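With the hints as constraints, model all of the structure from the sequences given.
Read off the chains here:
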Amino acid sequence: MSKPKHTSVGRRGFLKGAAAGAAVSAATLVTPQLTEAQQGGGRGGRGGAAQPEGAVIAREDGTARPAPVSRIVENPGSDYMCDVIKALGIEYVSFNPGSSFEGLHESLINYTRNNPEIVTCTHEENAVAMAHGYAKADGKPMLALLHGTIGVQHAAMAIYNAYGDRVPIIMIAGTGDTAVPAHTAVDLGAMVRDFVKWDHQPDTLAGVGQALIRAYKLAMTPPMAPVLITVQAELQMGAMPANRPQVPKFTMPSMPSADLASVRQIAKDMVNANNPRIAAGRVRTQEGMDLLVRLADLLQCPVGGGGDRMTFPNRHPMAGNGVGGAADVTLSLEAGGGGGGGRGGPGGGGKTIVISTAELLATSNFNINGNGMNGDVYIAADPEATLPALIEEVQKLLTPDKKRLFEDRGKKHAEANHAARAAAVEAASVGWNASPVSLARIAGELWPLIKNEDWSYVSPQGFVGGWPSRMWDMKKTYHYLGGQGAGGMGYGAPASVGAALANKKHGRLSVNIQTDGDMNYSPGILWTAAHHRIPLLSIMHNNRGYHQEVMFIARAASIRNRGQENSHIGTRLIDPNIDYAMMAKAYGMYSEGPITDPKDLAPALKRGVERVKKGEPVMIDVVTQPRG
Amino acid sequence: MKKLIFGFLAPVAATSLLVVSAVAQQGDATRGKKMFVDYSCYACHGFSGQNGPGKRLVPMKMATVVFTAYVRSPGTNQMPSYSAKVLSDAQLADIWAYIKTLPDSPEAKDIPLVQQLKAEAGK
Ligand SMILES: Cc1ncc(C[n+]2csc(CCOP(=O)(O)OP(=O)(O)O)c2C)c(N)n1
Ligand SMILES: [Mg+2]
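Going down the list, the sequences are from chains A and B.
According to this note's numbering, the first sequence holds residues 2 to 629 in order.
According to this note's numbering, the second sequence holds residues 45 to 167 in order.
Hints were generated in silico from the structure; no laboratory data involved.
Each hint should be verified, as a subset may be incorrect.
[Claimed, not checked] For each label pair, taking beta carbons as the anchor points, the in silico distance ranges come out as:
{"no.": "1", "chain 1": "A", "residue 1": "PRO98", "chain 2": "B", "residue 2": "SER117", "range": "29 to 39 Å"}
{"no.": "2", "chain 1": "B", "residue 1": "GLN159", "chain 2": "A", "residue 2": "ASP402", "range": "50 to 60 Å"}
{"no.": "3", "chain 1": "B", "residue 1": "PRO103", "chain 2": "A", "residue 2": "LYS506", "range": "42 to 52 Å"}
[Claimed, not checked] With a straight-line cut-off of 20 Å between C-alpha atoms, the simulated EDC-like cross-links for lysine to aspartate or glutamate are:
{"no.": "4", "chain 1": "A", "residue 1": "LYS506", "chain 2": "A", "residue 2": "GLU611"}
{"no.": "5", "chain 1": "B", "residue 1": "LYS77", "chain 2": "A", "residue 2": "GLU611"}
{"no.": "6", "chain 1": "A", "residue 1": "LYS600", "chain 2": "B", "residue 2": "ASP82"}
{"no.": "7", "chain 1": "A", "residue 1": "LYS269", "chain 2": "A", "residue 2": "ASP402"}
{"no.": "8", "chain 1": "B", "residue 1": "LYS167", "chain 2": "A", "residue 2": "ASP474"}
{"no.": "9", "chain 1": "B", "residue 1": "LYS78", "chain 2": "A", "residue 2": "ASP474"}
These figures come from a predicted structure and were not determined experimentally.
Cβ coordinates follow ideal geometry from the N, Cα and C atoms, glycine included.
Structure below.
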């Protein structure tokens, strides 16, 4: 395959050549002014042996420039890659640019004309975490491009989080950019192989097409996960073979569901139980939530969120623990995981029936999701795919007597669940007028402003006391998107922007309560939000520190009987305080704050919501109580 | 709750109780405010003394002696214990005096928004 060779040329020479070339013809665009040997020798003052070193130095000190183009390749391989990417229905591609995928980058801007749309990221961790949030809000994956060894390393923690969270992301890493030996590897995927579901490095252009299709199917089949295709630079830059490869046929497999005999047995067990319960960890789509509602309505049994995502409307009468002691039968649906691990059954004794895909993905080295649930009956299948049959079988078993019994049972559960919800909100009064502002106050003041919108809460709520779940009527999968997946901080800010990007398509109002420590891992994401006009209301939960760690250090010091006065060292973000309103402004975003008086909160939030509804990101810095 | 606290107090000698209370009365809220932060009380109880995973400290219903004994030996896995080596009785009295100055919260029934949220959630 013919391909343009990377030969170095002095920067001035390149520019001079480019100017001259423009006046001559496209075919002689750039005239090399210096050979690589000349450049290497010139920089290092050494002979031929110093050549690669010179190139490396140039690359890393920022004086490298594109290689001269001595001929035209009008049908590059990367155009074909874009055809496949489009066939997959991918709408956004996030990346921090790098020459190992310059071919693909150029095709994306000039061949597919920025459709899928490029999302410029200031850090690979942002590119992947954005894709993480996007997939949770949209239900389908984004593409993230990574530049060689360095891009993959920067992305690694975000990949790890997505893997722990079982979220699909399609990633392409470029390799073979030999100008900097340190940026290429014999086996690039090795660095993240233990926390992607599949990785592959095809040898041919057609192979890249096939690999992308396979990667997509694997990523989207539960347990979902990120996948990585490594694509050599020359396959992107080189011309397509004479017979352009076809875009491979793309058919999503149907999801694995439980066999009918098992479904019938589960239906019997649930209908005949005295105190059945459902632990609902994950649904794949809104349809899954709707099916779960139908099953709960039929059985009139409590449904607990077995995981950290929306699986069941939080104000459904059956949402909660209900009344009555231990369950005699628990149906556990994709519960556990999410980086928290499924450590045993839902508890409470009785018979546990597990339907989960956890055993369909063995993880090496990193046992991110723990050892899976334990159950008396265990079916390796997708719960959502199994629910229609289960509902049908339950319906068949519902005699009028059973229905009456279930109705009575349901009333008691509903009463207990309603009372528990009301009590949980009542606690908001504690510290309501405090300054710094309480987390309950933030969530409380937000609710009237968003409740009549099609809203989506896009950030984790573990560090905000779970107030949104307590106060807000969550009944859609996108009303809450869950946590980091593997507890890696630095997820919240970029994942929120990614989720907001997906929500923008659907006209939803995105809300993020943003912790300060998380914000500071890679704040350039604020520029990405501003640049791409991604509507997102971010409210800083500015407790001026890594508060979780303040508490841990305080405890350690106490155990050692050494006093507490040094607990702020290494844990607090003070002296100077960080001005988030100024930070957001610097990145081109409307902002307000710092707000310390709770009375100032509601008007600021109102202004923020109005601006976000007009299509821009907004940040409101609120100085907060450390915890909810 | 009270019972529990007095349970902890039982082993404390009567003489030291007297000393504790004598010092306690001179607690200085300004000094206490600094200690409340420096000694990470705020970490679990909030700057408000009532927000966070720790016990609600406002309104402070314990007498200084009871408070001091509790901090020395909380008898729970949540709250670390603070010995006299790291926090003297006098310093604890200062902290106590500061907590006493922290404003109490309104009741839920007096906050219209909370009432509204509660009514919606409990529907
Ligand atoms: C990448 C990474 N580094 C360090 C940690 C340890 N860690 C856990 S919570 C936390 C504090 C985060 O601060 P912030 O986001 O402000 O939340 P806060 O605890 O203050 O509410 C840190 C540093 C982590 N989980 N992930
Ligand atoms: Mg913080």
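Okay, the hints, checked on the actual structure:
1. Restraint check, PRO98 (chain A) to SER117 (chain B): a C-beta distance of roughly 60 Å breaks the suggested window 29 to 39 Å.
2. In this structure the supplied range 50 to 60 Å is violated for GLN159 (chain B) paired with ASP402 (chain A), their Cβ-Cβ distance being about 41 Å.
3. A beta carbon spacing of about 50 Å between PRO103 (chain B) and LYS506 (chain A) agrees with the range 42 to 52 Å that was offered as a hint.
4. Under the criterion of a C-alpha separation no larger than 20 Å, the hint pairing LYS506 (chain A) with GLU611 (chain A) is consistent with the structure, at around 18 Å.
5. Distance restraint check for LYS77 (chain B) and GLU611 (chain A): the Cα-Cα separation of roughly 39 Å exceeds the 20 Å cut-off, and the hinted pair is therefore not satisfied.
6. The suggested pairing of LYS600 (chain A) with ASP82 (chain B) is violated, with an alpha-carbon distance near 28 Å, which exceeds 20 Å.
7. A hinted pair counts as satisfied when its Cα atoms are at most 20 Å apart, and LYS269 (chain A) with ASP402 (chain A) qualifies at roughly 15 Å.
8. With a C-alpha separation of about 11 Å, the suggested pair LYS167 (chain B) and ASP474 (chain A) falls inside the 20 Å cut-off, and the hint holds.
9. Taking the CA atoms of LYS78 (chain B) and ASP474 (chain A), the gap is about 40 Å. The hint is violated against a cut of 20 Å.
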